[in-house]
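Asker: With the hints as a guide, bring both chains together as one complex.
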Amino acid sequence: MNQSEGSTMNDIDKKLVVIRNDNRVGIMAHLVAGYPSMKKTESIAKTMANAGVDFLELQMPFSDPIADGPAIMNACSRSLAGGTKITEFMKSIKSISKNVSVPLIIMAYYNNVFKYGVDVFCSDAKYFGASGLIVPDMPIDEEQSEHFMGNAKKHGLYTIRVISPVSTHERLKKNAKGAEGFVYCTSRQGITGVHKELNNNIEGYLKRVRKEFKIPLAVGFGISRKEHVRTLAGHADVVVIGSAILNIINKHPRNEEKNVGRFIKSISGIKVH
Amino acid sequence: MKRHFGIFGGRYVPELLIPALEELENEYKLAKNDPRFKREFKYHLNSFAGRPTPLTLADNLTKKLGGAKIYLKNEGLNHTGAHKITHCIGHALMAKRMGKGRIIAETGAGQHGLASAAVAARFGLSCTVYMGETDIIRQRPNVFWMKSLGAEVVPVRNGNKTLKDAVNAAIRDWIENVDNSYYLLGSVVGPHPYPTMTRDFQSVVGKEARKQILKEEKKLPDIVTACIGGGSNAMGIFSGFINKDTVELVGVEAGGTDSTIGKHSSRITGGSIGVVEGYKSIFLQDKDGQLQKTHSIAAGLDYAGLGPEIAYLHSKNRIRIKKASDAEALNAFKMLSRYEGIFPALESAHAIAYAIKKAPRIGKDKIIIANISGRGDKDLFIIASAFKDKNFGSFLKDESERREYHE
Ligand SMILES: Cc1ncc(COP(=O)(O)O)c(C=O)c1O
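Protein chains in written order, with the working numbering: chain A, 49 to 321; chain B, 8 to 414.
The shape of chain B in the complex, shown without the other chains (with noise of 0.2 Å):
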């Protein structure tokens, strides 16, 4: 297996961790082949996560628009409501087939780790989830499902408080435990062979899509966008369509309030080439290296990393990345809420942002999908005041008086 695309990527962790990484490696190869481990993978993405997804014409929001046909490709409807489960059934299996009893996992909105505590209790795993402060308290309701599937969550406190302080508290978890704990990483991101084990996962997405999208129109789409906060989603559906050149790859950052240093949490327009968490790529840093501040009204793009391979197909031109704020993405949630009947989750309404702007501007015989890689319904309590809705509101403080959750 390849331990680089192109400069990006590799294996940049303590030799403590080298061992381990191998084991998973060469784990993995054997079972990329081994028809068992494909037809148990498939099982529960079927049986367990909800799989295929559907691809839906957004017919409405389309005439609004008067541009090209958009189609969404509706993750959220996975089990947990994200794509994340995906590729957490694979690792599943993996920490099983290795022999490890318990999962560490990150999170930064609470999807994967609320996928990987769902797993973990599907397949009998014990399950440890670091997650920054702040996300705890964004993403509550998360939190909750969480520890109801019986996943021990442990708030981290220093740094930023988000995702990449989550991932370093898992890495510092896993080398303490390295023996009976396998390391179930969220995204395309970290040492090799995370982002290429995580990207193999996640590519059924693309090739359902490719599937669907070919019985609809009789042909491939003309533009594919996704989020991306690591770019698991992104790799997922791009890899579908990454071998024809004539399909257009976006993938959409967080661009948040404005462009100043810790605003957002684009790492192209911001960034720079560097080597962190185990990996090579751009990365949101100062010029002495030091990670930056970074923000987004999304938690699961607030990450100042990207996924080595998302970087690498970037300088290729063979992936164009562009951005939406806090702003449009909220835009984008209503718009696909009252034309559609789906909300998407916050991160997901950044790939919708952009889908919204393009599609006018291009002809009726175009054909964009939109990646939805989640559901709405973890940021409701973001939502609801971002649209200052009072009646929510009051409601909540006088249910927080009307329950009891004490003693």
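Next comes chain A alone, as it looks inside the complex (with noise of 0.2 Å):
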């Protein structure tokens, strides 16, 4: 990575900067864009940022989230009977954005990228504020005929690896290498969800990670509590709550933001020890 010039540095390498001075785990948090609605989407993701979240992962909602759990798969579903379109979906990044001093990490399933066309939609993406891109299913090996990694490049967006605790030696090598940003573990094998525990070998996977790559490490999948949040300081960075917030959404319709804000309050500015 060459990132000599401060002002070219991409928000995300900013940002890590900032949370490792301020010694405390980073707080990534996940939204499905258009649920419940647009609107309420863009008010969330403002009391989040407000409460003190590091990166909001915005999801373009898709047909067929194969990595997804129930939570996150209903909200798809319902968001696109909605009437969410990529179109719609890159406005709220706009807006967003405009709103929010925080990096914006637009998650997507490959085949909205790639019908978009994927250089339209790296360079919609940086144009409306995004500085990442995590792509959970487009894999480096299918680089060669997507140039997918190549045109988030020529953009200047940041294409988040994510990798699992069964990623083995060689593929954990494969990934770092160009790796940017940080690495986003999932910390189980498994798709997205809250579960009560964490992965009891989360630790020893860690230090492997570490091993191979040179730039900070993400963990999500299934966390929701502050215990999880403690538990992962000193060996996380940062930590990323999906499936949890939008059970909190569920749970209290009309009071999203309240409710969403006093629960990223309790776990944010929790320092490494």
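Be a bit skeptical, because a hint or two may be false.
[Said to hold, decoys possible] Capping the alpha-carbon separation at 25 Å, the derived lysine-lysine pairs in DSS-like fashion look like this:
{"id": "1", "chain 1": "A", "residue 1": "Lys244", "chain 2": "A", "residue 2": "Lys313"}
{"id": "2", "chain 1": "A", "residue 1": "Lys222", "chain 2": "B", "residue 2": "Lys364"}
{"id": "3", "chain 1": "A", "residue 1": "Lys142", "chain 2": "A", "residue 2": "Lys94"}
{"id": "4", "chain 1": "A", "residue 1": "Lys174", "chain 2": "A", "residue 2": "Lys94"}
{"id": "5", "chain 1": "B", "residue 1": "Lys251", "chain 2": "B", "residue 2": "Lys270"}
{"id": "6", "chain 1": "A", "residue 1": "Lys133", "chain 2": "B", "residue 2": "Lys294"}
{"id": "7", "chain 1": "B", "residue 1": "Lys341", "chain 2": "B", "residue 2": "Lys323"}
{"id": "8", "chain 1": "B", "residue 1": "Lys9", "chain 2": "A", "residue 2": "Lys225"}
{"id": "9", "chain 1": "B", "residue 1": "Lys9", "chain 2": "A", "residue 2": "Lys221"}
{"id": "10", "chain 1": "B", "residue 1": "Lys270", "chain 2": "A", "residue 2": "Lys133"}
{"id": "11", "chain 1": "B", "residue 1": "Lys329", "chain 2": "B", "residue 2": "Lys373"}
{"id": "12", "chain 1": "B", "residue 1": "Lys294", "chain 2": "A", "residue 2": "Lys174"}
{"id": "13", "chain 1": "B", "residue 1": "Lys294", "chain 2": "A", "residue 2": "Lys87"}
[As the list claims (entries may be wrong)] What follows is a list of derived Cβ distance ranges for each label pair:
{"id": "14", "chain 1": "A", "residue 1": "Glu191", "chain 2": "B", "residue 2": "Gln299", "range": "53 to 61 Å"}
{"id": "15", "chain 1": "A", "residue 1": "Ser85", "chain 2": "B", "residue 2": "Asp252", "range": "27 to 35 Å"}
{"id": "16", "chain 1": "A", "residue 1": "Ser91", "chain 2": "B", "residue 2": "Ala128", "range": "50 to 58 Å"}
{"id": "17", "chain 1": "B", "residue 1": "Gly157", "chain 2": "A", "residue 2": "Asn249", "range": "42 to 50 Å"}
{"id": "18", "chain 1": "B", "residue 1": "Gly131", "chain 2": "A", "residue 2": "Glu136", "range": "16 to 24 Å"}
{"id": "19", "chain 1": "B", "residue 1": "Lys226", "chain 2": "A", "residue 2": "Glu136", "range": "58 to 66 Å"}
{"id": "20", "chain 1": "A", "residue 1": "Glu191", "chain 2": "B", "residue 2": "Gly131", "range": "20 to 28 Å"}
{"id": "21", "chain 1": "A", "residue 1": "Ser193", "chain 2": "B", "residue 2": "Arg43", "range": "35 to 43 Å"}
[Claimed, not checked] Rough simulated footprint, nothing fancy, chain A against chain B, three-plus residues with beta-carbon under 8 Å:
{"id": "22", "region": "72 to 79"}
{"id": "23", "region": "176 to 187"}
{"id": "24", "region": "318 to 330"}
{"id": "25", "region": "351 to 364"}
If you're looking for bench data, these hints aren't it; they were derived computationally from the structure.
Yeah, the Cβ is synthetic: ideal placement off N, Cα and C, and Gly gets one too.
Answerer: Okay, structure coming up:
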């Protein structure tokens, strides 16, 4: 990575420096765009930014999200039933990025990116204010035919690699090559969704990842409580909260912002011991 | 092994599944060249599935239509009633070889689920089958038989509640249980190496058909036709003739009720290139890349994706793709039953419908082989209601009152 000039540093890197200097665990919060509505997505995003999240991960809903569990799946189909289109999604990126100062990361399944046009998708995403992309079903092996990472780079977007506890040494090495921003480590082998307990081999796994990746580690999947974040402090640089937020939204219709904000406050600012 | 078919195919899955797919590919490379594996596969095909299946001359139908000679490759005579048992045996042997105690399958028509449940019972594996709620209702007999064979049948209630949603659910299960479970994908779709493996297993159908027609006619056919859901029965029979350019290969998709969105499953007429469920191919999707609703009277053809190798061979003009409507399939069902004493599955009836249309238009010296991928028993309820069989309807009503189904 070449980040000699501070001004051209990606916002993701800048934020990671802040988190490290604060000596705390960073938070990335996830939302499915258009769920429960686009207006709500925007106002919840704003609330979360004010409550202390460091990164916002905004998911473009997809009809066939194979890596997602019930909460996100349901949010995707409800959002699509409500009429969410990619053009609207891009507009929401624009309006959120104008209103909040935290880096925005787009999560999308590859088919949405592909149909929009990989080059145009990356160019629009950047133009409207995103800093990075997470596309879980676009493995590094298909780059040769897709030029996805190449296009993202061209437009100044980071592509966040996602790895898991079953990733072999060889796969970690392959993914570490050219990895940018942070590496997204799924806490367990599975789909998204809230779990009571964290994977108890997580420390060994994260150590294994650290050996290969020279960039910070984000850990996601199943993180829903303050204790989870505490356990991860010192092992992970950032935690990702996804389904837990959706569950709060589902539990408190009309009062989403207040409840989500309270939850984010409760888990943010946890120091690295 | 090649991961792509031209621009199609590939392995577009979360990183989580890559080690499992690599392991599967590596193990398959070994198995493919292992004489013992090949021997065992053949043994179970013959002694359990009932292979080889016959190639039957449909002489009454041929006379009636007055054109090309029609032969039927009757895969419906396989144990469990369809070609699906063939690749299921291959995959179950792989599961055993890899030490997996559980298989996961998805099913549309229930034929792949049924075959999976049967091989699981036979090979001592546990089996979970995902099935869309819509398909559970329309293919109820197969649900009953799957459960009788000891499989767990899990209804899928999200999305369109049909085959594609069952595939998604099965993939999710596999992601969660990749250590101990083998994903027995039911067609030549999904990420590499599935399309290649399943085609290889099914290629026995084409080998048999080629040998049988050469014995019978001393020459190769002019046309080979098969219905296309994902494409497993088509790739199976086509692979026996693919290296002979003089044999025209015709796949038949579900034309449904009409060509508007949600009323058919013809990816070639209504679809575009996309990347879904782990592979790049042609999908019925909107301009954002969201999969569209599909329809067919045949649950096994009611699917938004197309096997990547089929998409490739179509792009190279090696396979032609046609469609048959629900009504044409029902008519083909009726004709084959009346004239030949064979009732095809509604899926297979689509290929028969094409043969019926084509035969009179070409000379009597021509030969068509139509693949009957399965038999029609599973479709009893749909067919009885499509033919408005009042007697059967009142029988069902009376029967439900007559019998005790509860404790
Ligand atoms: C009898 C029969 N034929 C055809 C199909 C379609 O699958 P494929 O195109 O993979 O052969 C099915 C699928 O369920 C089936 O049961």
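Asker: Taking the earlier hints as the rules, which of them does this structure contradict?
Answerer: 2, 5, 7, 14, 15, 17, 18, 20, 22, 24 and 25
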